[in-house]
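Here the protein sequences come in this chain order: A and B.
Residue numbering for the first sequence is 1061 to 1291, as defined by my numbering.
Residue numbering for the second sequence is 1061 to 1291, as defined by my numbering.
A portion of the hints provided could be inaccurate.
No copy is singled out in the list; a pair is fine if it fits within one copy or between any two copies.
For lysine to any residue, the following SDA-like pairs were computed, each having C-alpha atoms within a straight-line distance of at most 20 Å [as the list claims (entries may be wrong)]: (1) Lys-1280 x His-1291; (2) Lys-1280 x Gly-1259; (3) Lys-1280 x Asp-1254; (4) Lys-1280 x Leu-1236; (5) Lys-1280 x His-1256; (6) Lys-1145 x Thr-1176.
By construction, these hints were calculated from the structure, which means they are not laboratory data.
Quick caveat, the model's predicted, so the values are computed rather than measured.
Number of protein chains: 2
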Amino acid sequence: MSDSLELALVRPQSGENIGLVVRLCANYGLAAPLLVAPEPGWERAAARTASMCRELLAQTLLFESIEQACEEAQHVLGFTARAGKERRTMALESIHSGASAQRGGRTILVFGNERTGLEDEDCGHCTELYRAALPGLPSFNLSHAVATVLYELHRVSAAPAPKIEERTSTHEERQLLIERVRNTLSQMEYRTADPHFDGALRRLLRAQALQRRDLRILHKILTHLEYREHH
Amino acid sequence: MSDSLELALVRPQSGENIGLVVRLCANYGLAAPLLVAPEPGWERAAARTASMCRELLAQTLLFESIEQACEEAQHVLGFTARAGKERRTMALESIHSGASAQRGGRTILVFGNERTGLEDEDCGHCTELYRAALPGLPSFNLSHAVATVLYELHRVSAAPAPKIEERTSTHEERQLLIERVRNTLSQMEYRTADPHFDGALRRLLRAQALQRRDLRILHKILTHLEYREHH
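Use the sequences and the hints to build the structure in full.
Laid out in C-alpha cells, this is it:
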C-alpha cells in the first residue's frame, strides 16, 4: 500500500490493549504504535500483554493530539464501527482500492479508544474512513480491530502480484484483431449486422490470457481465409 | 464453510483471552467457545474482557479433553504457529479449499494455549492444520489468532458467490466448438499441424465468460465458411 505504514491509538484507556497492539506490530513487522494522549498508568499492564515485545513497547511515541501525531503523514486512515451521514465509511475490503492505496507516502492507521471509538473531530483528521462488516456485535475490541485491519492489509500486499508477461497480448493488439476479423468476414460476405456479433467477438477476444503467439495464429488463419477468397 | 462452526480453546491459561474470544464469538455470531481444561480461576478476568458479552460468556461449555469436546464434530481444524515434518500445516488462506470447506457438518476450530499452542497430541485430533504467514514475530496472541481466522472465514463466506448463469457456455460446448473449428479449417486446407495451434484455440475458447449465444455466432460463422468452401 504505502512506503511506510504506522498505527496511532487515540486516547486509549487500557494498557492491556496497548501491549496487545505492540505485539501485533511485532507480528506484522511494523514500528511501535503512536500513542495520542493515553490514559495515565498504562505502562504496567502494557508491559504484561506485550510480553515478549517489550523492546518494541519501549519505542512507543507519545503525542498530545491527533494533529501532532499525523503531522507528516500523507494518508490518515480511520477505522470506526459507526457510520452516518457525517461519516462516509467504506467497507474494510475496499481499502485496497482506496485513494491511499494508489499513492505512496507515509500512511497512519488511526483507531479510537475502547469506549467511544473515533470521535467526529478525530474523523475530521482522516483522509479515509473504513469499517468492518460483522454479522454479530458490530464493534470489535480495540486490539482485534487492529488485528483485523493488519491482516487484511497484509493478506493482499503479500499476495504475489499477477504476472504480466511480455508474451501476453495487449488490449490494443486484441482490438486490431477484432477489426481484422470483422473485415475478413465482410469480404467473405458474412453478414456482421447481427446485434450480438460485436459482443460475441469482444467476449471471445478480450481474454487476458491470450498470448501474442495466439494472436499470430489467428492472423494466420485470417490470411488463409482471405487468400482462398481471392484465388 | 460448514453447517455449524464452533471454537474450542485447549487448556487456555488466561481468563482475559477467554473473555476476548467470547467477544469475538459475539462479533461473528457464533455460539460460546468450548473450553477444554482451562487453568482454574479464569472466570473473573474473562468477565472483565468479555464486558458486554457476559450472557454469552455464561454459556461456555467445559470439557476435560479435546476428544470429549470434538466427539461429535465432522471436521476439527487446528491452528498452530509451528510447522514440521510431523505437522503438515497449510496456509490460512487455503482454508477455503481444504477438505472441510467442501463438505458440510459440524466444524470445530481448535486453538492451543498461550504458552505452547497445540501440542503434538492435540494435532493428532485435528483433521486439518493451518498457520498464518506473518512477516514478523511468527506467533499471535491467542485471541488475535482467533480474530484472524474468524475474519478470514467470514471474509470469504460473506462474499457473494460468483453467478453461474444458465446462458454461460459449458466446458463441453466449448470443446465441441474447438473440434468444429479444427474440422472446418482442415476442409479449407488450413495446415493445423502448427505445434501452437491447439493451445491457441484452447486459450481462445476456454473463457468461462463465453455465452451460449457467442458460441451460436461462432457456429454460424463456421457454417458460412463451410458453405462458401463447397459452393
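Treating 20 Å as the Cα threshold, decide for Lys-1280 and Asp-1254: within, between, both or neither. between (25 Å within a copy, 11 Å between copies)
One pair to classify: Lys-1145 and Thr-1176, alpha carbons no more than 20 Å apart. Within, between, both, or neither? So Lys-1145 and Thr-1176 pass the 20 Å test inside one copy only (18 Å; across, 47 Å).
Within, between, both or neither: how does the pair Lys-1280, Gly-1259 come out at a Cα-Cα threshold of 20 Å? between (23 Å within a copy, 15 Å between copies)
Same-copy or cross-copy closeness of Lys-1280 to Leu-1236 [CA-CA at most 20 Å]: within (14 Å within a copy, 22 Å between copies)
If the cutoff is 20 Å on CA atoms, where do Lys-1280 and His-1291 land: within, between, both or neither? Let me know, please. Answer is within; shortest intra-copy Cα gap is 16 Å, inter-copy 23 Å.
Identical-chain pair category, Lys-1280 with His-1256, by Cα at 20 Å: between (25 Å within a copy, 12 Å between copies)
In summary, this structure violates none of the numbered hints.
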